[in-house]
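For reference, the chains in residue letters:
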Amino acid sequence: MSAPETDRSSGFQIRDLKKLFGGGGSLKQFGILGALVVIIIIFQVWTGGKTLQPGNIINIVQQYSYILILAIGMVMVIIAGHIDLSVGSVAAFTGIIVALAMKDWNFPWWAAIILGLVVGGLIGAWQGFWVAYVGVPAFIVTLAGMLIWRGGNQFIGDSATVPVDTGFQVIGKGYLPEFGPNFGVNNATMLLGIFVVLVLIGLEMRGRRTRKVMGASAAPVWISVLRVVILGGVVLVAAYLFATGRVGTSFPVSGIILAVLVVAYSFLTNKTTIGRHIYAVGGNKHAAELSGVNSKRVNFFVMMNMSVLAALAGMIFVARSQASGPFDGTGWELDAIAAVFIGGAAVSGGIGTVAGSIIGGLVMAVLSNGLALKGIQSDLVQIIKGLVLLIAVGVDVFNKSQGRPSIIGLMTRNRSGQGPTDDAISAQVTPGGGTPDTAVPADLPR
Amino acid sequence: METGRNTHPTILEMRSITKEFPGVKALDTVSLTVKAREIHAICGENGAGKSTLMNVLSGVYPFGTYDGDIVYEGTVVRFRDIKQSEAAGIVIIHQELALIPELSITENIFLGNEPGRHGVINWVEAQRRAIELLARVGLDDDPDTQVKNIGVGKQQLVEIAKALNKNVKLLILDEPTAALNESDSQHLLDLILGLKGKGISSIMISHKLNEIEQIADQITIIRDGKSIETLDVKADGVDEDRIIRGMVGRTLGNRFPEHTATIGEVFFEVRNWTVQHPLTTERLVVKNSSFTVRRGEVVGLAGLMGAGRTELAMSIFGRSYGKFISGQVFKDGEEIKLRTVAEAIGHGIAYVSEDRKSLGLNLLDTIKRSVVSAKLSKISRGSVVNDTAEAQVSEEYRKSLRIKTPTVEEGVTKLSGGNQQKVVLAKWMFTDPDLLILDEPTRGIDVGAKAEIYQIIRDLAAQGKGIIMISSELPELLGVSDRIYTIFEGKITNELLVAQADPETLMRSMTSSSQKVVA
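Chains as they are written, first to last, in the working numbering: chain A, 1 to 446; chain B, 1 to 519.
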């Protein structure tokens, strides 16, 4: 089905640009990354340079880190074919328990964090049990959870606001420390940026080496160099911005937590057996089971993992706002779900990436932030965010139905064949109660 | 063509219908003539093209997607969808009933055809007509009963009542008795005969040759997408053997690999295997079946659709189907328990499912991910998958099985059916199985790819693996297997060495439970 290969080693070809990011993987990510860049540029111009001021980007990271953390868990839930509506309530419930543990039971801040994660784990195990082992749809289980844990928060906290220790507040309000000679920048942040660039270079070289070992054709060298230069440049500029904010500020601790989670979960979803199993169950549950995958365990894991991350997000929020309140986390589930779908996940499961979801979340974050900077009222902001979600997913669906992976795919159409959409949808038709011997002509209708 | 006694006018004539799917010619200049007041049976092996032909007739495949003419009641018709064919009085009842279980009988009968005005349903009128229609099909149940609360036999009658409501003139029944017990089947056959008396013609697809012999006036035999012959049951004195000869009569070419089997000792044995239908507790889909497999042997399992072959295989493979009732599995002389798929894989058993797209592959995956998906642990350290090993393994299979693709990074949907099947085979070969169960391994793939799959099967056997090949295509069973079991209605009805087997004998054992055959 694919067009004949042409000589790819010579000269500049627009299709090589596809390899710049994603490296043959999800092209959707590339499209949405482009959208993020465009949105940043538009707001940078429109707000007269306010968007990329150090104070503002620090603010964006602090304000949206917990939504992005939720998006990491949510994309795994959605890849597996479920949904979690309870994350905001789980965050609020954990928040109040942690706040009370420190205030009334004299937990030190670090023990309170561990307690919070355990609470998240228990809630997740409860919800995972209903989804995976009883077979209640996650929509229902987590809708119930949304009510239960919200009510739990207000019952335990007596609908009051409970302040938290300054030690605890670091995970939401803290910054990388100052040390060393004063160059007018935050040294820790700059070092972190340089470290990330070195890691990028290392990964790129390793990637080229493995491709050579496998005998696969690597992208042209200039692609690799260009990729490192662009990504490294972005990282260094970002580091410089974070390092030159108001005195006493630098890269936020919540941003560090987020970054560590993004790396860890990207690894988990891409490189580990459990990651493969999540995609397998979401892509075709029956085929996965017939390949020996324990789909119940996978479903239990994604639901439990989501609640642990929701608990963490809740604690970061409480730390940032210095108190746990009865309405913390309201509507978070919607922001997280929107981020995941803007980031290219499929409602029917099996498709989605951690990186894509983070980019999707950043699109929403920059959009909300930019509109707020322009003094647009929150009612209008909501309308605009809703439209962006609809258009982003609508464009994606349209492209898929046209057999194109993305806007970039459209530009380079001559090479790409048809997307998996039609077959994927028909594959969702499960044999249900019928005998497996039924007359589906396996290969005929297309 | 023979001159039948039926002097009624011709109601339907399908003239040299040709229908192609990518890579497969499903129908090749098929002709079919049905007269008024006639029951016309269509016989053929699975995949011969019977259902495709009926889908062309009823507009499931709209005009323009096939070649040839359909002449119905004297005029050439061009149906764009089922609505149009139904409006003309052609109603198809599929094997899988299209009733909504949660709705009542009345609601089902009038679904999409509700009496009333401006969208407001006249339930009094509907009720009255429902009772009338039910009486015509001999059903005296309360029309308010939910369809899920009546048996399959009665549901079939409701389907016919629904068809009658549409003023059906030509009724198409696809395997109408496949899920019915004997008395329900008889009732249904009587009803079809009764409808014929009232001027309604029927086209009936069935594997149950005794039923066809009993009620059909004409039989058209389809083989490999071609209409072979039309028999007049009464004039030609047709019996089951005559039909079978038509269905299987073809020369065995050299499409099958030359081989000399070196068959070892029995290493796998199933004893008294009994499995219950997952939903209907009183229905046993596999009954007390026993069989053995030797090392280096290809064992054929011959059965028609619905005979219980897939159910047998899947229930052994980690209880993936139905409810386990009783039975034992022995491997290398010791009893083994196969309660989950993981256990089955662990014991060196692989099952290549009949339905590649919904059970065999994750269509969102790439080739390389699919190949390793049934035994990730083999290329993982701890739980981290080694990408390099994954690419190398799948590259090896791409070469050795000659999977036609530019790279193993390609999505499996981009492959043709035959190449997809090779990916599935690679996936299971990668698990290092001792026993491979292949369920219709060549369904829906073209002739060239079939020959390659046969060669792979023989190669696997030559490596000392045991193979069970389930198929309803007798030539391939006879060409590839060393020994063949036949299965009918959940029971193993015969066992033959391939040297003793011939298509007629097999088909007889596949269509009746009586063990009249002397092996």
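Do not take every clue at face value.
Claimed, not checked - A few chain B residues that face chain A, going by a derived Cβ cut-off under 8 Å, partial list only:
id, residue
1, Asn272
2, Ser358
3, Ser377
As the list claims (entries may be wrong) - Derived DMTMM-like pairs: lysine to aspartate or glutamate, alpha-carbon spacing no greater than 20 Å straight-line:
id, chain 1, residue 1, chain 2, residue 2
4, B, Lys414, B, Glu395
5, A, Lys212, B, Glu410
6, A, Lys212, B, Glu396
7, A, Lys271, B, Glu182
8, B, Lys208, B, Glu182
9, A, Lys212, B, Asp236
10, A, Lys212, B, Glu395
11, A, Lys271, B, Glu395
12, A, Lys212, B, Glu86
13, B, Lys331, B, Asp432
14, B, Lys378, B, Glu395
15, B, Lys375, A, Glu289
16, A, Lys296, B, Glu343
17, A, Lys103, A, Glu204
18, B, Lys323, A, Glu289
19, B, Lys35, B, Glu86
20, B, Lys234, B, Glu265
21, A, Lys271, B, Glu409
22, A, Lys271, B, Asp387
23, B, Lys337, A, Asp165
24, B, Lys378, A, Asp165
Keep in mind that the hints were calculated from the coordinates and are not lab data. Bear in mind that the values here come from a model prediction, so they are computed numbers and not experimental data. Virtual Cβ for every residue (Gly too), placed ideally from N, Cα, C.
Here's how the hints hold up against the structure:
| no. | hint | result |
| --- | --- | --- |
| 1 | Asn272 | 21 Å, violated |
| 2 | Ser358 | 5 Å, holds |
| 3 | Ser377 | 7 Å, holds |
| 4 | B/Lys414 <-> B/Glu395 | 17 Å, holds |
| 5 | A/Lys212 <-> B/Glu410 | 18 Å, holds |
| 6 | A/Lys212 <-> B/Glu396 | 16 Å, holds |
| 7 | A/Lys271 <-> B/Glu182 | 55 Å, violated |
| 8 | B/Lys208 <-> B/Glu182 | 12 Å, holds |
| 9 | A/Lys212 <-> B/Asp236 | 71 Å, violated |
| 10 | A/Lys212 <-> B/Glu395 | 14 Å, holds |
| 11 | A/Lys271 <-> B/Glu395 | 19 Å, holds |
| 12 | A/Lys212 <-> B/Glu86 | 61 Å, violated |
| 13 | B/Lys331 <-> B/Asp432 | 15 Å, holds |
| 14 | B/Lys378 <-> B/Glu395 | 16 Å, holds |
| 15 | B/Lys375 <-> A/Glu289 | 12 Å, holds |
| 16 | A/Lys296 <-> B/Glu343 | 16 Å, holds |
| 17 | A/Lys103 <-> A/Glu204 | 48 Å, violated |
| 18 | B/Lys323 <-> A/Glu289 | 16 Å, holds |
| 19 | B/Lys35 <-> B/Glu86 | 18 Å, holds |
| 20 | B/Lys234 <-> B/Glu265 | 51 Å, violated |
| 21 | A/Lys271 <-> B/Glu409 | 16 Å, holds |
| 22 | A/Lys271 <-> B/Asp387 | 8 Å, holds |
| 23 | B/Lys337 <-> A/Asp165 | 57 Å, violated |
| 24 | B/Lys378 <-> A/Asp165 | 49 Å, violated |
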